[in-house]
Amino acid sequence: MNYRLRPLYHLGGYLSATCLVLICGLITLQILGRLGDILATAVGAGRIGLTIPGLAQICGFLLVGATFFGLAYTFIHHAHIRVTLLIGQLPPRYRVFVEMACLSVALALCLYLAFYLYHLLADSIAYGETSYGLLSIPLWLPQSAMLAGTVLFCLALGETWWQTLAIAVRHPSRFVPDDTDQT
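So for the sequence shown, the working numbering puts the first residue at -17; every next one is plus one.
Any given hint might turn out to be false.
Derived DEER-like restraints, expressed as beta-carbon distance ranges [what the hints assert, rightly or not]: (1) Gly18 <-> Asn(-16): 16 to 26 Å; (2) Gln12 <-> Leu102: 42 to 52 Å; (3) Arg156 <-> Ser118: 48 to 58 Å; (4) Thr33 <-> Ile63: 31 to 41 Å.
These are calculated hints, taken from the structure and not from any lab test.
Built from N, CA and C at the ideal position, the CB exists for glycine as well.
With these hints in hand, go ahead and build the complete structure from the sequences.
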């Protein structure tokens, strides 16, 4: 399919990858800090104490960003897991309508999620909510990533829905799914 907002979806993919690289970098720094402590105590010096406070909490929030920012990118590249065992056997003129039904359900659920994520974000900002744990991180930061990733996913689903609808109305027998290699 030809996605008009493809650069936006790719931006989401890059943000997702950045979150994953940050997780990897922070964990590597923590491991190096612990190795430095082991080495320092082995040579008779005291512990250096090279630790990153709240590492699990920070990595958890980065994982939320990686997950939600990557939704639209993986969808347009057909990397979501889809079970096409049943609809893959249908002739194109029927499959296009089943695809429309599936896309409609997915889009409705995604819009529902975005609506409630927006209200969750607004409440977190209004009440100044922060995370529990060693670090007091404002909850609107990871919630913003969740909302932005969900909105991007809604846009990708909407574009796919619209293009599939055009095929279903004009030439349903010419429907060729982009994910023929998916199982």
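Tested hints:
| no. | hint | in the structure |
| --- | --- | --- |
| 1 | Gly18 <-> Asn(-16): 16 to 26 Å | violated, 52 Å |
| 2 | Gln12 <-> Leu102: 42 to 52 Å | violated, 30 Å |
| 3 | Arg156 <-> Ser118: 48 to 58 Å | holds, 57 Å |
| 4 | Thr33 <-> Ile63: 31 to 41 Å | holds, 37 Å |
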